Every structure is written in structure tokens, then in C-alpha cells.
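This is what each chain is made of:
There are 2 protein chains.
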Amino acid sequence: MNREYEFVFKGFNPSREEYYGTILTLANGVIGVRGEIELYPSKYGFFASGIYDYTPIFYREIVNFPRVNGLYIKVNSKPILLANCDNLNLTRRLNISQGILYTSLECRFGKAELSYNSLRLVHRKRRNILLQHSRINLKNSEKLSIETPVELDKVNPLIPANIYIKHYEVVDMDIGGDYTSLLLKTIDNRYKVAIASKTIVLGHVEHVDKYTLTDKVVEVYDVDFKNMPIEVTRIVSISTSRETEDPLDKAVGELEKAVRDGRDLLVAEHISSWKSLWDNIKLRIDGDVEVEEKLLFYAFHLLQLVDDEQEYIMIPARGLHGLGYRGHVFWDTDIYTLPFYIAFTPEAARRILMYRYRILDKARLNARKNGYKGAQYPWESCDDGIEATPREIPLDVLGENRIRILTGDMEHHITADVAYAVHLYYEFTGDEEFLLNYGLEILFETARFWASRVEYDDDKKAYVIRNVMGPDEYHPSVDNSFYTNVMARKNLELAVKYYELALEKGNKWIDKVIEIGVTSEEVAYWRKIVNNIFIPCKNNGFCEEFEGYSNLRNMTTKTKGLGIVKVGEKFLELKDTQIIKQADVVAALFLLYDEFPKHVVEVNYKYYLPRTTHESSLSLPMYAGLAAKLGRIDEAYKLFKLALKTDLEDLYGNTSDGFHVATAGGLWTTLLLGFLGIKASSGKLVKIEPKLPEHWKSVELNISIGGRKLHLRVRKNSVQVDDKSRGEAKRIE
Amino acid sequence: MNREYEFVFKGFNPSREEYYGTILTLANGVIGVRGEIELYPSKYGFFASGIYDYTPIFYREIVNFPRVNGLYIKVNSKPILLANCDNLNLTRRLNISQGILYTSLECRFGKAELSYNSLRLVHRKRRNILLQHSRINLKNSEKLSIETPVELDKVNPLIPANIYIKHYEVVDMDIGGDYTSLLLKTIDNRYKVAIASKTIVLGHVEHVDKYTLTDKVVEVYDVDFKNMPIEVTRIVSISTSRETEDPLDKAVGELEKAVRDGRDLLVAEHISSWKSLWDNIKLRIDGDVEVEEKLLFYAFHLLQLVDDEQEYIMIPARGLHGLGYRGHVFWDTDIYTLPFYIAFTPEAARRILMYRYRILDKARLNARKNGYKGAQYPWESCDDGIEATPREIPLDVLGENRIRILTGDMEHHITADVAYAVHLYYEFTGDEEFLLNYGLEILFETARFWASRVEYDDDKKAYVIRNVMGPDEYHPSVDNSFYTNVMARKNLELAVKYYELALEKGNKWIDKVIEIGVTSEEVAYWRKIVNNIFIPCKNNGFCEEFEGYSNLRNMTTKTKGLGIVKVGEKFLELKDTQIIKQADVVAALFLLYDEFPKHVVEVNYKYYLPRTTHESSLSLPMYAGLAAKLGRIDEAYKLFKLALKTDLEDLYGNTSDGFHVATAGGLWTTLLLGFLGIKASSGKLVKIEPKLPEHWKSVELNISIGGRKLHLRVRKNSVQVDDKSRGEAKRIE
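The listed protein sequences correspond, in order, to chains A and B. So that you can map any letter, position 194 of the first sequence is 197 in my numbering, and since no number is skipped, the others follow by simple counting. So that you can map any letter, position 551 of the second sequence is 554 in my numbering, and since no number is skipped, the others follow by simple counting.
Worth flagging that the hints you see were computed from the coordinates, not collected in a lab. As the structure is a prediction and not an experimental result, all values here were calculated from the model. Watch out, some of these pointers could steer you wrong.
Note that the list lumps identical chains together, so a pair holds whenever it fits in one copy or between two copies.
Keeping only pairs whose Cα atoms sit at most 16 Å apart, straight-line, the calculated EDC-like set for lysine to aspartate or glutamate is [claimed, not checked]:
no. : residue 1 : residue 2
1   : 219       : 156
2   : 609       : 638
3   : 719       : 291
4   : 219       : 697
5   : 46        : 430
6   : 114       : 212
Work out the full structure: start from the sequences and follow the hints.
Here it is as C-alpha cells:
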């Protein structure tokens with residue numbers, strides 16, 4: 004990345020601040036700090052990846068920890084709140100090349116004229132460190148006070164939103180020394196989280212004080228300007244019991260080190276780490292700078308969710324960017340985000356799959372609980388892998404009116420999605436070590452689930468899967484969902500394929516098969532199901548989303564699938580119509596494109612598009628990707644551009660709840676597998692079949708395949724692949 | 004009251020502050036403000052009588068509204084928190100004669116020496132007004148800032164306590180004018196509450212500012228002392244939609260009026276109102292000033308719960324003093340507190356019973372719901388009269404472990420308790436208007452409940468009541484509870500008696516009987532039950548608490564009933580023993596003393612006392628009262644003195660949750676009906692049979708009987724009654 008990518012946002016509006024809170028979030032895979040401006044109160048603190056606590060209704064949820072980066076300025080005991088400033092001029096620049104958020108502000112406050120400039124970073128290399136540096140000047144007034152508290156009043160809202168839960172309590176606190184340190188524990192006692200904070204003020208400080216209230220620890224500085232701007236550097240170190248048994252010791256150690264090394268070094272190191280990360284991508288779209296920039300914005304936030312040290316990485320549906328979906332992990336991770344990570348940070352992709360391996364035992368228990376064999380992944384999961392989907396959500400405080408949530412009971416396809424993700428990871432990376440030690444077990448155990456899940460239908464003389472919900476959540480409890488059945492078939496097929504591969508490879512591969520206890524009889528049964536599972540397609544190539552879909556009321560949406568339609572709570576009324584929420588048959592056809600004749604794909608794409616509301620943010624990328632593959636480039640581009648608005652223009656109106664990781668991943672999947680048509684197998688690049696929009700002269704990017712870093716230069720009619728690892732160049736016409 | 008009664012408390016300890024918060028609560032029957040010191044943060048705001056909101060588990064609860072009387076002082080941007088003051092010298096004086104809380108404080112804060120004096124009152128006459136006046140001086144430092152916020156972060160804790168609910172939201176706010184005003188609504192939209200606040204600072208104020216944050220509205224004053232103390236007067240007016248359709252208009256109007264009239268007038272008016280109230284009591288115990296003072300302390304808090312204007316008055320189990328029992332109303336109101344109000348503020352007693360009349364329709368529905376006829380009062384109720392007893396209380400956030408609460412399903416005696424209270428009220432007041440228009444309906448409808456509740460037992464050839472819980476909550480689900488059966492019998496007997504009275508009185512009384520639809524057949528059936536209900540007593544006079552009690556393991560407590568024993572969650576283990584929680588048989592014998600032979604009373608008193616833990620604060624007064632009646636004066640006095648410690652010495656360790664209204668009322672009941680042996684009938688004083696402790700030379704007090712104010716002067720062997728209304732004097736030897 005030679006040029007710098009920067010996103011500029013102007014102005015301040017309290018009611019929009021939570022939107023900026025999400026899109027300006029800074030994270031490093033371990034800690035996440037939302038982007039609300041430090042000068043204004045916020046209900047958010049920080050998130051720590053993988054740190055959850057018990058909560059009513061939702062089982063467990065990601066913890067909203069104390070705010071550690073608020074910086075509150077008072078002139079004459081009156082806080083400068085942006086809402087009461089005159090001539091406010093606020094500009095925020097998110098520099099994604101550097102991974103730094105710059106804030107600059109000027110305003111009048113009575114007679115006083117304030118100018119404020121800050122940078123904020125969540126350190127890419129020092130995973131414990133948050134740095135915020137502010138330069139403050141004041142004209143027509145001499146004195147102000149600055150508070151840099153640790154705000155211990157942050158809570159998680161429940162349902163209804165006037166109920167809150169505080170997920171942590173203070174175990175230990177030290178404000179006596181050179182810095183402030185706190186040790187917190189989650190209420191369920193599963194985790195400890197330490198915070199060490201140091202504020203360094205350069206300028207004429209008249210008084211410094213520290214004190215604690217029940218809900219905050221405050222450092223306050225009374226400053227006399229004497230015509231000299233002041234500088235406030237805040238370094239906060241956060242450590243959790245996920246990384247060490249003594250997080251307080253670690254947090255303090257990292258803080259001391261950071262203070263010693265100083266701000267300039269911290270910033271330089273951080274920018275340099277981000278530069279390395281971006282080197283893995285280096286996207287250039289000649290002819291469409293706008294799309295290039297926007298894709299990189301989404302890439303930035305995806306990259307912020309991973310790090311190089313955690314044993315496993317959880318990708319919550321809304322990232323480390325908000326409380327949406329309570330920090331739970333869905334199929335979004337496996338199907339939507341994984342291709343991005345596989346292509347650019349395969350080590351992270353491996354760690355993301357390690358989360359699935361880590362909870363495999365719980366998926367086994369889940370299958371047992373539901374009367375099945377093998378491993379059934381929970382529809383929503385947290386740190387411990389237990390099914391965390393709420394079964395009911397109360398609509399009033401007494402819970403007299405409730406919405407029954409069926410996804411947890413019925414969206415069984417996630418189990419096949421995980422198996423698919425393991426396979427895709429292997430196709431691009433050829434990572435045999437992972438396949439042998441973890442992948443096989445996931446593939447076999449998920450296959451076992453499906454083998455116990457299918458039933459043989461004597462009338463159809465085929466295996467069927469009854470009573471499920473596909474990705475389209477407008478239609479609960481259906482039989483023979485196309486998506487579910489073809490993905491289940493794929494899962495079984497993959498198990499057979501990798502079983503055969505293992506036998507071929509011999510030695511420890513065979514030991515592993517024996518260890519898992521897979522027998523040839525079992526595999527024979529899997530094959531039988533693969534060859535004889537019912538797929539609800541007609542002779543003309545049209546596939547019903549599920550059995551009986553054709554009999555439902557035939558309707559199309561007012562946007563004909565080229566815009567989003569918000570149905571809201573009226574979705575219950577749609578179950579008797581052919582209106583669907585999101586790519587379902589289309590999603591399967593995109594994921595398994597090579598397994599269906601093109602006319603089948605085309606018939607179904609054309610049928611479902613005008614019947615789709617895209618009310619799920621997971622829908623548009625799948626349609627865009629499949630449209631590209633089908634050569635319907637203009638339509639693909641239109642859908643793709645619409646999806647690009649998801650967070651950048653708050654398309655769904657709920658970006659304030661967190662970043663849409665599935666859309667972000669889906670956009671990149673559309674680019675990689677749709678527009679560029681990249682295909683890999685067993686760690687080798689197989690082909691690139693570009694379907695570029697007319698005005699895209701070329702697309703250049705780096706990608707990792709089979710452990711090699713390739714540079715691709717793709718034009719409509721030519722593809723050039725440089726193997727940066729070997730210095731080779733290959734041209735594919 | 005010629006002398007002034009003042010309770011003095013010295014020192015400050017953050018962990019004890021919530022205890023003082025309860026015992027220094029100021030209230031006027033309409034609003035309640037806890038006694039936490041204004042200089043220190045508190046989680047409490049104010050309570051408004053009768054204002055409840057939906058809440059999980061507990062159905063509805065009294066709302067913890069914003070704090071409106073915090074006064075926060077900062078020197079050099081650092082708050083003077085009492086916890087970080089040196090040489091702290093704090094004295095608080097609760098002057099119950101005036102109804103004023105005086106605070107005086109001196110401390111060193113760095114170099115600065117602060118002296119602070121304040122008075123606080125919740126106005127007795129102007130039911131909307133809270134006044135707090137502070138005089139502040141500072142030595143060795145010139146400047147400080149003072150914040151007088153409305154703190155909008157106050158919430159109610161749920162279970163577990165790390166879950167909170169905020170029961171209100173701001174509908175309207177105006178900080179632009181001469182004062183600050185806010186209109187709040189409860190989340191369930193049932194109530195509006197308005198706050199208007201004005202702070203007047205006298206002194207060298209350099210800057211005044213007002214601003215709002217999401218969780219507070221702040222007025223801040225920067226003050227330069229220039230060797231002159233400053234005075235801060237805060238007047239807050241609170242109005243609710245219980246009193247007017249436009250509470251904002253009312254609150255502002257009352258505030259403006261109060262500001263216009265000025266502090267001196269407000270204080271004088273307030274003290275004068277309290278003087279009138281105390282004139283109704285004028286207790287003097289010659290020979291025991293300590294008991295006299297302590298009784299007046301409890302009287303003060305009881306008087307704080309009533310006012311002269313509300314249509315009905317709710318007496319929550321913990322007063323307007325705390326969140327204990329969520330502000331719910333229990334039998335504590337009817338059986339324990341009512342005698343006090345009947346004797347000294349009969350108008351208030353009437354309004355308290357009007358609460359029972361107001362919810363009579365809901366009691367009818369409750370009976371229907373449970374398969375009975377007539378009216379069954381809920382064990383716990385709130386503003387709307389629906390049964391509000393939680394059925395289960397979760398012990399962990401997921402509710403996997405729960406305590407099943409059986410009281411709501413089984414403590415049916417409350418229905419008879421209400422009827423008893425109506426009767427007692429009539430006996431002392433002779434209030435025929437109430438009896439005719441409200442009392443009869445309560446008496447008949449509750450009798451109907453019992454008539455449908457009893458069953459005829461063919462073996463016993465008697466009516467029985469199965470599957471109830473008596474006041475002793477260690478023994479759930481018993482048959483033929485002595486307390487329940489004798490109180491049910493009393494209820495039916497009263498219905499018969501007042502039916503006969505109505506027939507005798509004729510005219511509109513008969514119209515009322517017809518309106519309620521009571522027939523002579525129905526009354527005949529009531530009589531039949533009265534004459535033939537099973538009471539589990541033996542020939543020797545011993546009465547089983549319930550059938551089979553004698554077969555339980557015979558144990559006594561280690562204190563033999565002369566101290567309290569805390570069993571806590573182990574109470575479940577006691578159900579197979581004869582250990583009981585509180586006066587049960589003894590309570591019935593006290594309430595219905597004249598209906599049992601003295602030897603029966605004595606046998607049972609002696610049996611149950613050593614088997615009672617007194618773990619309920621309702622126990623000691625009943626035992627003390629009955630001991631006095633039995634002439635066991637020393638024991639009575641010992642138990643009475645122990646009960647006097649309840650809130651004054653935090654006997655149960657939970658005074659921080661609120662004031663024990665039942666104990667307070669029970670202490671006065673012990674005095675009036677026990678030590679003094681006052682008996683009235685149909686609004687006439689029938690007799691006074693004093694059983695005074697040896698060292699009590701005389702007891703003097705005023706009492707209302709039959710609308711007349713009597714002055715009693717009771718000695719061991721003589722009684723003098725002066726009718727203050729008529730100027731008569733009568734001596735009873």
C-alpha cells in the first residue's frame with residue numbers, strides 16, 4: 004500500500020454518535036474500543052475478545068467493560084460537551100493504512116476557544132495497549148481541568164432496554180502509585196481482566212489529583228495554559244486471564260514498558276505492523292477507486308478482528324465493534340468471513356477454525372442432547388460452545404408477550420457450513436497439519452451428525468431431512484430445505500473424500516481415522532446417503548427452497564431484489580408466500596457453483612432474486628457473487644455496490660449495534676470467488692475466471708495460496724500471477 | 004411536646020451509610036428521601052408514594068427516582084468525598100420534634116479546612132416540597148465549586164444484584180430558565196412525575212452554569228470565598244400524576260410559591276405542622292425516658308408515611324425508606340401498623356383502609372382466579388392490587404437454582420387480617436360512614452371468601468381449612484392452622500355481627516346489604532361455620548399451631564425465645580421441627596385475647612416462646628404484648644426492649660433496606676393494647692387495664708377514640724382520662 008487510505012467524517016450529532024462508534028472502532032483482535040469521541044460521555048467501554056459472562060435470555064454475552072479512554076475537559080467547572088459548543092468544527096479521519104483514528108476539533112465555549120487534536124490507536128503489535136494522545140489549546144481563557152477516568156458504570160442492556168446487567172466487579176484497585184491499576188472479575192468468576200492506566204500531561208499543571216467514586220476512578224488535572232498548548236498522553240494496558248494467570252502483573256508490565264518506550268516508538272511500531280498486514284492484500288482496482296477504497300474499509304475492520312497470538316479466534320457477528328447479537332458467533336464466521344482470512348491471513352483463518360475445533364466436544368454433547376450422533380454445532384455460540392440462541396425473547400418486562408426464536412432449534416445447516424469451511428481452508432492452504440490433527444475430526448463428526456439426522460422416506464425412496472429452517476428465516480419448520488440438503492450432502496461427500504485421502508496417505512492419517520473410529524461400513528452409509536438424498540428440484544432446473552415452496556403464494560418484492568425491503572416484525576405473515584429474506588437456494592448455488600449445470604443456476608437465480616427482501620445483511624453479497632459467476636456483470640455490480648453501503652452508509656440502520664462482519668467478508672468473497680473467479684484445490688491455484696465489471700481495467704492484489712504469496716493482476720481477458728515467494732511469474736490467458 | 008426530641012449520630016463510614024440512609028429518611032407520606040448525606044454519592048434518589056412500575060420476578064416495584072438533593076463540593080476539581088477527608092468530624096441530628104435533619108461537618112482536605120452545616124426537610128404541609136439549606140465555609144483556600152445535580156442514573160437493583168432496571172425516562176426537560184424542570188414517565192406509562200429544582204447561592208459566585216449529560220442535569224457554581232461563608236438553598240418540588248393531570252405545572256407552581264415565600268417561612272410552617280402532629284400523641288413515660296424517646300423515634304417514621312390529602316395511603320413493608328420487599332404492601336399494614344394510626348391519626352387510618360377498599364375488586368378477581376368466592380386479598384400488593392408475590396426467586400442469573408416462594412399461594416390469613424383491621428378501626432373510631440360505605444363490603448366479601456375456602460370434614464364433623472401457611476413461614480402447606488382458622492372464624496363472625504347491626508340500623512344500611520347481595524341463608528351458613536370450625540386445641544388448653552405440629556421434633560431455641568436466632572436459608576430444614584419463625588398461635592391469642600380463657604393463653608404463650616426464633620421482625624411485639632396482658636411484665640419488658648432495637652440498633656442487620664414498619668407499629672400496639680390495656684368498642688373507650696413495668700411511674704398520652712381527643716394518664720393502679728374535646732376528666736380506678 005503506497006498511498007494512504009483515509010476516511011473522513013465531519014460534524015457531531017449526539018444521535019448519530021453511536022453509528023460512528025461502530026465504524027470508527029479500533030481493535031487488534033484482542034481488545035476492541037469503539038469510536039465514540041473521547042470528549043463526550045458514552046455508554047460503551049471496551050470489549051475483550053472471548054470474554055463473556057452469564058446473562059438472562061441470551062445465556063452468555065460479550066462484556067461491556069469500563070470506559071478507559073474518556074477525556075473530559077471542564078472550563079470553570081463546566082464540562083465542554085460538544086453539544087453545548089458554538090461554532091463546532093469536528094473532523095475525524097480514520098486512517099486505515101496506519102490503523103489510527105485522528106480527531107480534530109475547534110469550538111467556542113463562552114469566551115473560550117478550544118482547539119483539540121488527538122490520535123487514538125489500539126496497538127497492533129502490543130496487544131494489550133491502547134494509546135491516545137491529545138493536544139489541547141485554549142484561547143481567551145487560561146484555565147481548564149482535564150479528567151481521565153476509568154468509568155466503572157458501563158453495563159450491558161438487556162431486554163427491554165431499561166434493564167441493565169453489570170458483568171464485572173472490582174477485585175483490586177491501586178491508585179496510590181505512578182499509575183492507576185484495577186483488577187476486575189466477571190460476575191460468573193470465569194475471567195479476570197486487569198486495567199493499568201497512565202496519563203502524562205505536559206504543560207503547566209497546577210494540581211493533580213486522583214480519587215475514586217463508586218462508579219469511577221478519576222485522575223484530574225488542573226491546568227493553567229500560560230499561552231502554551233498542553234499535551235495529554237494516555238496509555239492504557241489491558242490484560243485478561245485468557246492470556247495469563249496474572250493479568251494484573253501483565254497489564255502493569257506492559258504499561259511500564261510502553262511508558263518507557265514512549266509514544267513515538269509506539270506509534271511507529273503500530274503503523275509498521277499495519278503496513279505488513281496491508282502488504283498481504285495490496286488491492287488495486289484500476290478504473291474503480293471508490294470500490295477499491297470501500298473494500299479496504301471493510302478489510303480494515305476484518306483485519307482488526309484477528310491477531311497472531313491467540314490460540315483460537317472468535318469472530319462475533321458484529322465484531323469487537325458493538326453489543327449486537329450479544330457477541331455470539333454464527334455461520335457468518337465460517338461461510339462469510341473465512342474466505343477473506345483464508346486469502347490474506349491464513350494463519351488467522353486457521354485460528355478461527357480452531358475455535359470450531361475447540362468447541363467440538365460441546366457440539367458432540369449438543370448432538371446427544373438433541374438425539375443425534377456425531378457433532379452438531381450450536382446455531383449461536385460463545386466462549387464455551389454451548390447453544391446460546393435464546394429460545395424466546397420477551398417483548399415486555401413481564402415476558403407476557405414473547406417472540407419464539409426457532410433458529411436455534413432448526414437452523415441445522417451451520418454444522419455443514421463448518422465442514423464446508425474446513426474444506427475451503429484446505430483447498431486454499433493445503434494445510435495438512437491442520438487437516439490431519441483437527442480438520443478430519445470435524446469433517447467426520449459433522450458427517451456422523453447428518454447420517455443420524457437424515458431419515459429414509461419410503462415413498463420418495465430417498466433420504467430426507469425434515470423440520471429444519473434454511474438461511475431464509477421467513478419459513479420455519481420446512482422439510483427438505485434445498486440449502487440444508489445440498490450442504491449436508493456436501494458435508495458427507497467431503498467426509499468420504501477426506502476418508503479416502505487419509506487411507507491414501509497412510510501412517511498417522513490412518514491412525515487418526517482409527518482414533519476417530521470411522522469404519523468402512525460407516526463411510527459406505529455416508530456414500531449411500533450422498534447418492535440418494537432428496538434434493539427438491541424439478542426437471543426444468545428450478546429448485547424449490549424447500550418442499551412445497553411452489554405452492555405458496557407467488558409474490559415478488561417491490562424492488563425486485565435490487566433494493567432492500569424492511570419487513571420487521573411482519574415477517575411472520577410472509578411464511579405463506581414465496582417472499583424470502585435472503586439468499587438461500589442462491590447461497591448454496593454460489594458455494595457449490597461447480598456442482599450444478601449453469602442453466603440450473605441461472606433459472607434459480609432469476610427466480611429468487613425478485614422474491615428476496617435482502618432484509619438480512621447476508622443476502623446481497625451472495626447474489627452479487629452468483630450474478631458475477633453467471634456473467635450478469637451489471638446486475639452483480641449493482642448488488643455489490645448496494646452491499647458496500649451496509650456499514651459505510653448504515654444501509655440497515657443498525658450499524659450502531661456493531662460492524663456487519665458477514666457482509667464485509669461476503670463482499671470480499673464476491674470479489675475473490677465471484678468477480679475474479681479464483682479457484683484453488685489442495686493448496687494450489689487451479690484457475691482464475693474473471694468476470695469483471697466493464698470499467699474495471701484491472702484488479703491487482705496479493706493472495707496466499709498453499710503457503711505462497713501470489714501477486715495477481717487480473718484483466719478481463721488476461722491474468723498474471725507472480726509468485727512472490729519464488730519470484731516466478733505466470734501469465735494465464 | 005414541650006421538650007424536643009433529637010437523635011444524634013456521629014461519624015462517617017461508607018459501609019454504614021445505607022443504614023443511616025434508612026433511619027434518617029425524611030418523608031411526608033407523599034415523597035420519601037433517604038437520609039444518606041448529601042455530600043456523598045448515593046444509589047438512592049426519592050420515592051413517590053404509590054408510584055410503581057413493572058419489573059421482572061416481583062411484578063411491580065416502587066420506583067427509585069433521581070437523586071435531587073446531592074450537593075457535591077470540589078476544591079481544585081477534586082471532590083471533597085468524606086472518605087478522603089482528614090480529621091473528619093461529622094454529627095447528624097435527627098430532630099423528630101421538628102421533622103428536620105441537621106448535619107454538621109468539619110474536615111481538612113489538603114490545606115483547605117471545610118466547615119459545613121445543613122438542614123434538610125421534606126415539607127410536612129407542602130407535600131411537594133423538599134428543602135435543603137447548607138452553610139459552607141472554607142479556610143486556607145479561596146475557591147471551590149458546588150454541584151447541585153438532578154441525577155438521572157438511579158435504578159432499582161434486581162436479582163442478582165448486578166442486574167438493574169431503570170423505571171423512568173425523561174419526557175421533557177427545561178434548564179433554560181430560572182430553575183430546572185423535568186418531566187419523567189414510568190416505563191409502563193402509568194405515571195408521570197415532575198421535578199422542579201432551584202438552587203440559590205449566596206456568596207461570591209464567579210460562574211454559574213447549567214448543563215445536561217445523559218445521566219444528570221447539573222447546576223454548577225464556582226465560588227470565591229473572600230472570607231465570607233456561602234449559603235446554598237436548594238428547593239425541589241416533586242409532583243406526580245397521582246395528584247394532578249399536569250404534574251409539571253404543579254411542580255413548577257409549588258416551586259415558585261416556595262421560592263417566593265422563602266426559607267424561613269417554609270421551615271416555620273414545617274415545624275408547626277409537626278408540632279400539631281405530635282400534639283396528637285404527647286407521650287410521656289415517667290420513669291423510662293429511654294423507652295419514651297425510642298417509641299417516639301418509631302412514631303416519627305410511622306407519621307412520615309401518612310398525609311392528609313391522598314385518597315388512599317399505601318404503607319409498604321419498609322415504608323418510603325428503602326427498596327426492601329420492593330415497596331409491596333403486606334398484612335404488616337393492617338395488623339401491625341393500623342392500631343398506631345387508629346389511635347393517633349384516625350383520618351390516616353381510614354385512608355390506609357381505603358387502599359384495601361380500592362383494591363377490593365382485584366381481590367374479587369384473585370378469589371375467582373384461585374377458585375373461590377368473595378374477595379381474597381393478595382399476600383403482597385402494589386398500586387394495582389394484583390397479587391405481586393414472586394412465585395420463585397432465582398439464585399443465579401440463569402435461574403437454574405430458584406427458591407420457590409409459597410407465601411403468595413398459601414398465606415390466606417391476610418384476608419381475615421384485613422377484616423379484623425376494619426373491625427378494629429370501627430371499634431376505636433365508631434366511623435359509621437366508613438363502615439356503611441366501605442367496611443361492610445370488605446367484611447362481607449372476605450367472609451364469602453372463607454365460606455368458599457372451608458371444607459366440611461366428615462370424620463371431624465367440622466369445617467376445616469387445608470393447605471395454608473400461617474404467619475410462621477417455616478411450615479408451609481399445613482392443615483387447620485390455628486391462626487388461620489381462628490382469624491377466618493373471626494372474619495365470619497364479624498360479617499354476621501355487622502350484618503345484624505345493619506339490619507338493626509335499617510334504611511340505607513339495609514340498602515347496602517341488598518346492594519352487596521347478602522342473604523339470610525348466606526349469613527346462616529356463615530354462622531354454621533363459625534360454630535363448627537375445627538380449632539386444633541387439646542383439652543389441656545394447648546393449641547397446635549396446625550394439625551400434627553405436636554408430632555414434629557420437639558426442640559427449643561438456644562435463646563429460649565428471649566433473643567433472636569438467625570436461621571437464614573437453613574429454614575427449610577426446620578419444617579420437621581417445632582421451631583417457629585414468629586408469633587403465630589401467640590399472634591392470634593394477642594389479637595383475640597378476650598376470646599380465650601386466660602389459662603389457654605398462658606399455656607400456649609409458655610409453650611411457643613422458647614420455640615420461636617423471632618427471625619421475623621413481626622414476632623417480638625406480639626410476644627411482648629401478650630406477655631404484658633398475661634401480667635408477665637418483666638418478660639414483656641425484656642422482649643419489648645429487644646424489639647426497640649430493630650431499627651435503632653439494626654437488630655436484623657437489614658435496616659439499610661428500609662424501615663421496619665410492622666415492628667414500629669407493633670411496638671405501639673404493645674404499648675396501647677398490651678401495657679396500657681386500652682379497649683374500645685363502637686367508638687367508645689370501654690376500659691383501660693394497665694400492666695405497667697415496675698419502674699414506669701406513669702404513662703401519659705393523647706389518643707383519639709370515637710372522634711374525641713382523650714388525654715390519658717395511666718398509673719399502675721389508676722387511670723385518668725381527660726376528654727380534651729369536651730374538657731371532661733374521668734378517673735378510672
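Hints and how they fare:
Taking identical chains as interchangeable, the C-alpha atoms of residue 219 and residue 156 lie at most 16 Å apart whether they share a chain (7 Å) or sit on different chains (14 Å). Taking identical chains as interchangeable, the C-alpha atoms of residue 609 and residue 638 lie at most 16 Å apart only when both belong to the same chain, with a minimum of 11 Å there against 92 Å between chains. Taking the shortest alpha-carbon separations for residue 719 and residue 291, only the intra-copy value of 14 Å comes in at or below 16 Å, while the best inter-copy value is 104 Å. In this assembly of identical chains, residue 219 and residue 697 lie within 16 Å of each other by CA distance neither inside one copy nor across copies; the values are 57 Å within and 57 Å between.
With identical chains, the CA atoms of residue 46 and residue 430 are never at most 16 Å apart, being 43 Å at best within one copy and 58 Å at best between copies. In this assembly of identical chains, the alpha carbons of residue 114 and residue 212 lie at most 16 Å apart only when taken from different copies (14 Å versus 27 Å within one copy).
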